[in-house]
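> Start from the sequences, fold in the hints, and give me the full structure.
Protein chains in written order, with the numbering used here: chain Z, 1 to 234; chain D, 1001 to 1234.
Keep in mind that the hints were calculated from the coordinates and are not lab data.
Be aware that a few hints might be false.
What the hints assert, rightly or not - In silico SDA-like links for lysine to any residue, alpha-carbon gap of 25 Å or less:
| no. | chain 1 | residue 1 | chain 2 | residue 2 |
| --- | --- | --- | --- | --- |
| 1 | Z | K98 | D | R1101 |
| 2 | D | K1220 | Z | K131 |
| 3 | Z | K131 | Z | H225 |
| 4 | Z | K98 | D | E1216 |
| 5 | Z | K124 | D | A1009 |
| 6 | D | K1178 | D | A1009 |
| 7 | Z | K178 | Z | K124 |
| 8 | Z | K178 | D | E1216 |
| 9 | Z | K98 | Z | A181 |
| 10 | D | K1178 | D | E1216 |
| 11 | Z | K178 | D | T1078 |
| 12 | D | K1098 | Z | D142 |
Protein chains: 2
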Amino acid sequence: MALAPVAAAPLSEQVYRRLLDAILADEFVEGVLPSERDLAAAFEVNRHAVREALKRLQQSRLVDVSQGGSTRVLDYRTEGRLDLLADLLVRAGRVDWKVARSALEMRASIGADAAALCAVRAPKSHRALRKVADEMASHPDDLAALDADNVVFWTAIVEGSGNLLYRLSLNTLLDGLKILAGSLGADIVYQLAREEYLQITELREVAAAIGAGDAERARKTAYEHLSRTVTAAG
Amino acid sequence: MALAPVAAAPLSEQVYRRLLDAILADEFVEGVLPSERDLAAAFEVNRHAVREALKRLQQSRLVDVSQGGSTRVLDYRTEGRLDLLADLLVRAGRVDWKVARSALEMRASIGADAAALCAVRAPKSHRALRKVADEMASHPDDLAALDADNVVFWTAIVEGSGNLLYRLSLNTLLDGLKILAGSLGADIVYQLAREEYLQITELREVAAAIGAGDAERARKTAYEHLSRTVTAAG
DNA sequence: CTGCCACTACTGGTCCAACCAGTCAACCAG
DNA sequence: CTGGTTGACTGGTTGGACCAGTAGTGGCAG
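Okay, here's the thing in structure tokens:
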């Protein structure tokens, strides 16, 4: 059996989770949260635990706290930041496939541009990319290994693009993937991606285009490869 | 005179800022932070204020806190999320132009894909887009108004793309723009974008492609338009 | 001498009970 | 109606205490 760690999450973490769920489910009338003291009483924890949770919600731009006044819920569509992905992707144990599709679209867009930039700025990374692709071809049935190698492949491209924001976006997207795996089970996620992982010829083409310094070909082949899963999931 | 609000940041906010700067400047030996009690003593604030700041740093994946053990700095390149943009863009009063360039590249990539998706999913938004473009053409010298209208234009496209993550990314990028304006002064930022704002013909082409439901033309025209400022800033 | 274990001195996590500092609405004097 | 006062809220901050987990250290049993 897979021994999952027994949560034992800090209280402020649990409070954060509960408030987050309530906010995303729009459970607060008029978007006004109860006072810190009331929340502390309701959750039966100390006020400091509530405050630490609220600080995080504030950081995520989900609430607006003001001294003297009341704490209000903000519209995450207009105020939220990309980091909400992990929280929006799986809510109440259910996967929001619309959000998942958004993530795949974004992955394709950024992945393609990163490949183009990589071709210009780090064509030499082509050797390492090719090696990973060969590695993947050697164990076409080990989905877990394919998944790991695939991450290595795209991480190398993003690194080669020299674009720090693409690197950070990749972190966010991979985080979402991890959340998804935790919710659906890693096996299911691997199966969903199987079709893509097996197109190793396409990965080789991307690597070749990068090695040739051909930005537009790298962009095109990368986009086509990454779009496959979008249309499959749509 | 421009009446700027007198900041009266909460202590935990100030502590957060100080720690953030120290972390990004790699000022902690071995990447180990002092204990909460020591930090509280050093900053001359209560330990709770330090804890609230640390919770936020934890949320940003900048530190790893563990009970009993010590608090360690994480590598933001591999752990950080996109929301770090605002903090990385301006550090110690200096603009990091490499990060700014990254943001412009990402804007172009996502803006182009959003335009393509918008053409497919919301071609009718073309009327509203056209109207904003006309509005911009009517006051080509009012840079502040051009800037505001430009935000409206692209926000409409992102909304039309139906991609929630693009919406959240837009929020993050606009946040970065605001930080930049706060650091350099709004006038300077407007001047930098002036060249782009004046290409209203291009905006009309994007709107027309969306109205025609021509995804590829929308992508191409949008990308070319948004890339102008990248190459100018590079 | 070696290996294990208990002790100790830290670390972060939680709580309580205040008090300070803003906000807002009700009220009252002009 | 206008303006200021008041009081009951709100969040912000403090100090001090204790719980809980970690890791280094010393000494004891083998």
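> Determine for every hint whether it applies to the structure shown.
Results for each hint:
1. Between Z/K98 and D/R1101 the alpha-carbon distance is near 30 Å, which puts this suggested pair outside the 25 Å criterion.
2. Note on D/K1220 and Z/K131: the hinted pairing is violated, with a Cα-Cα distance of about 33 Å set against a maximum of 25 Å.
3. Note on Z/K131 and Z/H225: the hinted pairing holds, with a Cα-Cα distance of about 18 Å set against a maximum of 25 Å.
4. A C-alpha spacing of about 23 Å is found between Z/K98 and D/E1216, which places the hinted pair at or below 25 Å, so the restraint holds.
5. A hinted pair counts as satisfied when its Cα atoms are at most 25 Å apart, and Z/K124 with D/A1009 does not qualify at roughly 48 Å.
6. About 18 Å separates the Cα atoms of D/K1178 and D/A1009, which keeps this hinted pair within 25 Å; it holds.
7. At roughly 30 Å between alpha-carbon atoms, Z/K178 and Z/K124 are farther apart than 25 Å, so this suggested pair is violated.
8. Note on Z/K178 and D/E1216: the hinted pairing is violated, with a Cα-Cα distance of about 32 Å set against a maximum of 25 Å.
9. Restraint check for Z/K98 and Z/A181: the C-alpha separation of about 17 Å stays at or below 25 Å, so the hint holds.
10. A C-alpha spacing of about 31 Å is found between D/K1178 and D/E1216, which places the hinted pair above 25 Å, so the restraint is violated.
11. Distance hint between Z/K178 and D/T1078 is fulfilled; the C-alpha atoms sit about 15 Å from each other, no more than 25 Å.
12. Taken as a hint, the D/K1098 and Z/D142 pair is broken in the structure, with Cα atoms around 39 Å apart against an allowance of 25 Å.
Comparing the model with each earlier hint shows violations of hints 1, 2, 5, 7, 8, 10 and 12; every other hint is respected.
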